[in-house]
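Chains as they are written, first to last, in our numbering: chain A, 1 to 146; chain B, 1 to 95.
If you're looking for bench data, these hints aren't it; they were derived computationally from the structure.
It cannot be assumed that every hint is accurate.
[Stated by the list, open to error] Label-pair distances were calculated between CB atoms; the ranges are:
hint	chain 1	residue 1	chain 2	residue 2	range
1	B	Ser63	A	Glu132	16 to 22 Å
2	A	Ala127	B	Lys43	30 to 36 Å
3	B	Lys70	A	Asp88	36 to 42 Å
4	B	Asp56	A	Gly143	25 to 31 Å
5	B	Glu57	A	Ala57	40 to 46 Å
6	A	Ser145	B	Arg64	16 to 22 Å
7	B	Arg37	A	Asp107	39 to 45 Å
8	B	Asp36	A	Asp86	37 to 43 Å
9	B	Glu73	A	Trp67	27 to 33 Å
10	A	Arg119	B	Lys70	19 to 25 Å
11	A	Val146	B	Pro46	33 to 39 Å
12	B	Thr44	A	Ile69	22 to 28 Å
13	B	Arg72	A	Glu118	23 to 29 Å
14	B	Gly75	A	Arg119	20 to 26 Å
[Stated by the list, open to error] Below 27 Å or equal to it, Euclidean Cα-Cα: the simulated DSS-like pairs (lysine-lysine) are:
hint	chain 1	residue 1	chain 2	residue 2
15	B	Lys43	B	Lys4
16	B	Lys43	B	Lys76
17	A	Lys103	B	Lys43
18	A	Lys126	B	Lys70
[Said to hold, decoys possible] To give an idea of the chain B side of the interface with chain A (calculated C-beta under 10 Å), a few residues:
hint	residue
19	Met1
20	Ala25
21	Val50
22	Leu58
23	Val59
24	Phe60
25	Ala74
26	Lys76
27	Ile78
28	Ser79
29	Val92
30	Ile94
All figures in this text were calculated on a predicted structure; none of them were measured in a lab.
Virtual Cβ for every residue (Gly too), placed ideally from N, Cα, C.
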Amino acid sequence: MLYGTFDTDDASLNLEGTLILPQLQFQRQTNFLVDTGATSSSVHPHVFEDLGIDLQAIMALPTSPIWGIGGSITVYNAHGFLAFQDSDNAYLYEVAISIYDPKNPPDVPSVIGRDILERWRMVYAKAHGVLEFDVLDADYTWGVSV
Amino acid sequence: MAPKAEIEAAVAAAGGIEHIARNLADFTRRSRLLNDRLLQLLKTHPNEWVAMPEDDELVFADSRGDLISKLREAGKPISTAVIRFLNPNPRVLIV
């Protein structure tokens with residue numbers, strides 16, 4: 001079982017995960033907003049900028065539009081993996097991750113979308129402090145001891 | 001889906017699953033520790049950026065770029081640091 005948290009300031013739903021992009025030889029842990037309204041998962045470019053990653057490498061990736069309440073924005077699409085873990089297992093998902101345009105990033109956080117969430121059973125009860133994700137399947141599962 | 005060998009190669013290149021899991025567990029611990037302290041930090045450091053690197057010691061700066069520079073100058077790993085903006089007026093999001 002994965003356990004998320006509610007942000008103290010705005011009560012948004014959060015879960016930590018690790019983004020791995022082999023093409024860019026990149027891995028980093030980051031906080032994700034849990035977003036059942038998002039078709040797919042996406043990341044803010046500051047996760048790359050912080051580490052001094054050459055943004056040209058990101059901007060060489062294929063682009064596509066994604067749509068939100070404010071209209072459409074351009075994202076760069078990378079093949080990669082998202083990892084999550086509970087006390088017993090690490091779960092790896094192969095994803096087509098959307099990276100917000102580094103030249104004009106929206107002021108929204110990185111999100112876990114339905115590409116991941118549709119494979120979990122989610123219990124959300126903010127009034128009871130409950131945010132749980134029962135992992136129904138993953139592309140790869142390892143037993144871990146941390 | 002990628003072949004099993006490709007997945008295993010990607011995980012190995014990232015340091016192996018135990019390394020990934022250990023780093024994620026520690027990142028999660030610090031992320032939640034910072035979240036627990038958020039209300040107090042919003043009072044003492046509003047509109048600043050804060051990082052909690054691996055040593056749990058908080059670092060503050062007026063911009064994300066300055067925060068990264070401070071971490072780098074202090075020799076603290078950036079890739080594993082928990083970073084967030086201390087916004088006293090939380091955004092209303094519709095995403």
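Taking the hints in turn, this is what the structure says about them:
{"no.": "1", "hint": "B:Ser63 to A:Glu132: 16 to 22 Å", "result": "violated, 36 Å"}
{"no.": "2", "hint": "A:Ala127 to B:Lys43: 30 to 36 Å", "result": "violated, 26 Å"}
{"no.": "3", "hint": "B:Lys70 to A:Asp88: 36 to 42 Å", "result": "holds, 37 Å"}
{"no.": "4", "hint": "B:Asp56 to A:Gly143: 25 to 31 Å", "result": "holds, 28 Å"}
{"no.": "5", "hint": "B:Glu57 to A:Ala57: 40 to 46 Å", "result": "violated, 32 Å"}
{"no.": "6", "hint": "A:Ser145 to B:Arg64: 16 to 22 Å", "result": "violated, 35 Å"}
{"no.": "7", "hint": "B:Arg37 to A:Asp107: 39 to 45 Å", "result": "violated, 24 Å"}
{"no.": "8", "hint": "B:Asp36 to A:Asp86: 37 to 43 Å", "result": "violated, 20 Å"}
{"no.": "9", "hint": "B:Glu73 to A:Trp67: 27 to 33 Å", "result": "violated, 41 Å"}
{"no.": "10", "hint": "A:Arg119 to B:Lys70: 19 to 25 Å", "result": "violated, 39 Å"}
{"no.": "11", "hint": "A:Val146 to B:Pro46: 33 to 39 Å", "result": "holds, 35 Å"}
{"no.": "12", "hint": "B:Thr44 to A:Ile69: 22 to 28 Å", "result": "violated, 34 Å"}
{"no.": "13", "hint": "B:Arg72 to A:Glu118: 23 to 29 Å", "result": "violated, 39 Å"}
{"no.": "14", "hint": "B:Gly75 to A:Arg119: 20 to 26 Å", "result": "violated, 39 Å"}
{"no.": "15", "hint": "B:Lys43 to B:Lys4", "result": "violated, 49 Å"}
{"no.": "16", "hint": "B:Lys43 to B:Lys76", "result": "holds, 26 Å"}
{"no.": "17", "hint": "A:Lys103 to B:Lys43", "result": "violated, 32 Å"}
{"no.": "18", "hint": "A:Lys126 to B:Lys70", "result": "violated, 36 Å"}
{"no.": "19", "hint": "Met1", "result": "holds, 6 Å"}
{"no.": "20", "hint": "Ala25", "result": "holds, 4 Å"}
{"no.": "21", "hint": "Val50", "result": "violated, 12 Å"}
{"no.": "22", "hint": "Leu58", "result": "violated, 15 Å"}
{"no.": "23", "hint": "Val59", "result": "violated, 13 Å"}
{"no.": "24", "hint": "Phe60", "result": "violated, 16 Å"}
{"no.": "25", "hint": "Ala74", "result": "violated, 15 Å"}
{"no.": "26", "hint": "Lys76", "result": "violated, 12 Å"}
{"no.": "27", "hint": "Ile78", "result": "holds, 5 Å"}
{"no.": "28", "hint": "Ser79", "result": "holds, 5 Å"}
{"no.": "29", "hint": "Val92", "result": "holds, 8 Å"}
{"no.": "30", "hint": "Ile94", "result": "holds, 5 Å"}
Figure legend: structure checked against the earlier numbered hints; hints not met, in rising order: 1, 2, 5, 6, 7, 8, 9, 10, 12, 13, 14, 15, 17, 18, 21, 22, 23, 24, 25, 26.
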